[in-house]
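Residue numbers (our numbering), protein chains in the order written: chain A, 1 to 258; chain E, 259 to 516.
No lab work stands behind these hints, which were simulated from the structure alone. One or more of the hints may lead you astray.
[As the list claims (entries may be wrong)] If you want the ones that stay clear, here's a sample from chain E, every Cβ over 12 Å from chain A, calculated:
| # | residue |
| --- | --- |
| 1 | Y267 |
| 2 | F297 |
| 3 | A311 |
| 4 | H314 |
| 5 | A315 |
| 6 | I328 |
| 7 | E335 |
| 8 | D358 |
| 9 | P376 |
| 10 | E378 |
| 11 | L404 |
| 12 | E408 |
| 13 | T423 |
| 14 | T427 |
| 15 | D439 |
| 16 | G471 |
[Said to hold, decoys possible] Keeping only pairs whose Cα atoms sit at most 30 Å apart, straight-line, the calculated BS3-like set for lysine-lysine is:
| # | chain 1 | residue 1 | chain 2 | residue 2 |
| --- | --- | --- | --- | --- |
| 17 | E | K332 | A | K106 |
| 18 | A | K19 | A | K179 |
| 19 | E | K437 | A | K179 |
| 20 | E | K279 | A | K74 |
| 21 | E | K332 | A | K179 |
| 22 | A | K139 | A | K233 |
| 23 | A | K19 | A | K139 |
[What the hints assert, rightly or not] Which residues of chain A face chain E? A partial, calculated answer using Cβ under 7 Å:
| # | residue |
| --- | --- |
| 24 | D10 |
| 25 | E120 |
| 26 | F252 |
Predicted model only: the values in this text are computed from it and were never measured. Here a beta-carbon is modelled for each residue, glycine too, at the ideal position from N, C-alpha and C.
Protein chains: 2
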Amino acid sequence: MRFVLLVEYDGTCFSGFQKQKRGERTVQGVLETAAAEVFGVPVSVSASGRTDAGVHARGQVCQLDGETSIPAVKLRECFNRLLPPDCKVLSSAEAPAGFDCTRAVKRKTYVYSAYYAPCEMPLLSRYAARLRERPSADKMREAARLLCGEHDFKAFSSVGSSAKTSVRTVYAVEIAERKQDGYTMYEISVTGNGFLYNMVRILAGEIFAVGCGKSTQFIGKAFETGERSLIAKTASAEGLTLAQVDYGFPLFGIPEEK
Amino acid sequence: MRFVLLVEYDGTCFSGFQKQKRGERTVQGVLETAAAEVFGVPVSVSASGRTDAGVHARGQVCQLDGETSIPAVKLRECFNRLLPPDCKVLSSAEAPAGFDCTRAVKRKTYVYSAYYAPCEMPLLSRYAARLRERPSADKMREAARLLCGEHDFKAFSSVGSSAKTSVRTVYAVEIAERKQDGYTMYEISVTGNGFLYNMVRILAGEIFAVGCGKSTQFIGKAFETGERSLIAKTASAEGLTLAQVDYGFPLFGIPEEK
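Build out the structure end to end from the sequences listed, making use of the hints.
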């Protein structure tokens, strides 16, 4: 029987989702340790996609195969008793017949958060990067518009991307600006049908660069040439959160609140 | 010369503000280590008040005495180069003549944050406590109204409070409720002329208890009798943040943003 888990994690103390050979702490590792205890046998846990070291998730979808008499909705509690505080299962359910959480993805939404302030702020810096210059939200929205649509995003991926094609569709890039006492928070929400290695962090880097004065013409040139060097540096990991994975139908039913 | 510092810290990995004999990591400790390097001699750093282990601050005011040729506004950068990521100086200034950051306090505002959700949420639990029952914000506001004003808050302090009198004035208690996907966040902002040991966490505990159905009559009885046992348990430390210390005049000028 296949089960799906909606998983939230604080990526700060994880070396990414995927298990590492050197025994580093990973999200997959802690989930598989818990799963082995719940099911009484070793169980593999896979995800809608890997997240890098330091990247957070509030809506990662994972799956595992196993036999148990525990009702699917009760697996959440069983896992949470065994999981560490920085990784918890928000919902659990039986997977629909033939479902695969990696291949069935329709859309994913990531949020990249960054703040502009005169100095580092300890209560923000765990989940947001710090900007050294104040970007213009209007200019950021200009860049966002150019990035939407079906494009060859080769220039927006790190070397080492193993994908067969670098053509992806970005459905929406939304920019939110929130002025607070002493700092301004910027959030870039990116929804697409899939993302290349480091693509969201590179998109975010370029959007902030345009916000701080870089010409938008490099975006079109980068689509044409696939030249990584035309585009800004990869934004740092702590600002990135995998917000939602969409399969075109609800996997977990309506989120319950007692 | 006396200097004042506006300090933000994530209290998670500190054993409170005050230096401990056993060499535990404290906010005062890291500030004094940095100060000794900046001034070249040992320097004592004091605060508007101590915060307990695990309690955060985004507007703690600290002071120190020392001689330096560094302009007061530049001290921020000097400190921040030496301070760890979870404690930073947001502003620095010369103190007005005769100023004492502890005795001159007019008002303080604390915010207590807690969320209601079916399970622990890793991306919230560093800065908010988890509620096991859903409180009614309206009932919480009833409790809030009763707690405002000048009262003997003896029943709302932990044993070990060394204050001469337990009469304090609470100017305002505000309740905010924010419904999000999968959880509801509650914020209690408390402004007063001073607080007894654990007083804000005990007020928060009682407000949530009333929100979950406890009668408000215990509040009046607790003011009359000073009986700690009439009032709810102390709410946990991670939900509490010292938001602002008010001296009746701006210590740091207008917060700059380039």
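Now for the hints, and whether the structure bears them out:
1. Here Y267/E does not stay apart from chain A, with its beta-carbon only about 5 Å from theirs, under the 12 Å limit.
2. Here F297/E stays apart from chain A, with its beta-carbon at least about 20 Å from theirs, past the 12 Å limit.
3. With a cut of 12 Å on Cβ distances, A311/E stays outside the contact zone with chain A, its closest approach being about 16 Å.
4. At the 12 Å boundary, the C-beta of H314/E falls inside the reach of chain A, the nearest C-beta of that chain being 6 Å off.
5. Not every beta carbon of chain A lies more than 12 Å from that of A315/E, the smallest distance being close to 9 Å; the non-interface claim is violated.
6. Distance to chain A confirms I328/E as a non-interface residue, since its nearest Cβ pair spans about 16 Å, more than 12 Å.
7. The Cβ of E335/E does not lie farther than 12 Å from every Cβ of chain A; its closest approach is about 8 Å, which violates its non-interface assignment.
8. The claim that D358/E is not at the interface with chain A holds, since no C-beta of that chain comes within 12 Å of its own (minimum 24 Å).
9. Its closest Cβ contact with chain A, about 6 Å, brings P376/E to no more than 12 Å, contrary to its assignment away from the interface.
10. A cut-off of 12 Å between C-beta atoms contradicts the statement that E378/E is not in contact with chain A; the least separation is 5 Å.
11. No beta-carbon of chain A is positioned within 12 Å of the beta-carbon of L404/E; the least distance is around 27 Å.
12. Here E408/E stays apart from chain A, with its beta-carbon at least about 28 Å from theirs, past the 12 Å limit.
13. Distance check for T423/E against chain A: the nearest CB is about 33 Å away, which clears 12 Å, and the non-interface claim stands.
14. Every beta carbon of chain A lies more than 12 Å from that of T427/E, the smallest distance being close to 24 Å; the non-interface claim holds.
15. Its beta-carbon lying about 7 Å from the closest one in chain A, D439/E breaks the requirement of being farther than 12 Å from that chain.
16. Against chain A, the non-interface label of G471/E holds: every CB pair exceeds 12 Å, the least being about 14 Å.
17. Between K332/E and K106/A, the direct Cα distance comes to roughly 51 Å. Violation of the 30 Å bound is thereby established for this hinted pair.
18. Taken as a hint, the K19/A and K179/A pair is broken in the structure, with Cα atoms around 39 Å apart against an allowance of 30 Å.
19. The hinted pair formed by K437/E and K179/A meets the criterion: a straight-line CA distance of about 21 Å does not exceed 30 Å.
20. About 47 Å separates the Cα atoms of K279/E and K74/A, which puts this hinted pair outside 30 Å; it is violated.
21. For the hint linking K332/E to K179/A, the alpha-carbon distance of about 25 Å falls within 30 Å, and the restraint holds.
22. Simply put, K139/A and K233/A have alpha-carbon atoms about 18 Å apart, close enough for the 30 Å limit, and the pair holds.
23. At roughly 39 Å between alpha-carbon atoms, K19/A and K139/A are farther apart than 30 Å, so this suggested pair is violated.
24. Nearest Cβ of chain E to the Cβ of D10/A: about 5 Å, under the 7 Å cut. The hint holds.
25. For E120/A, the suggested interface contact is upheld, since its CB lies about 5 Å from the closest CB of chain E, less than 7 Å.
26. A hinted interface residue such as F252/A counts as satisfied when its beta carbon comes closer than 7 Å to some beta carbon of chain E; here the least separation is about 10 Å, so the hint is violated.
Violated hints, in rising order: 1, 4, 5, 7, 9, 10, 15, 17, 18, 20, 23, 26; the structure is consistent with all others.
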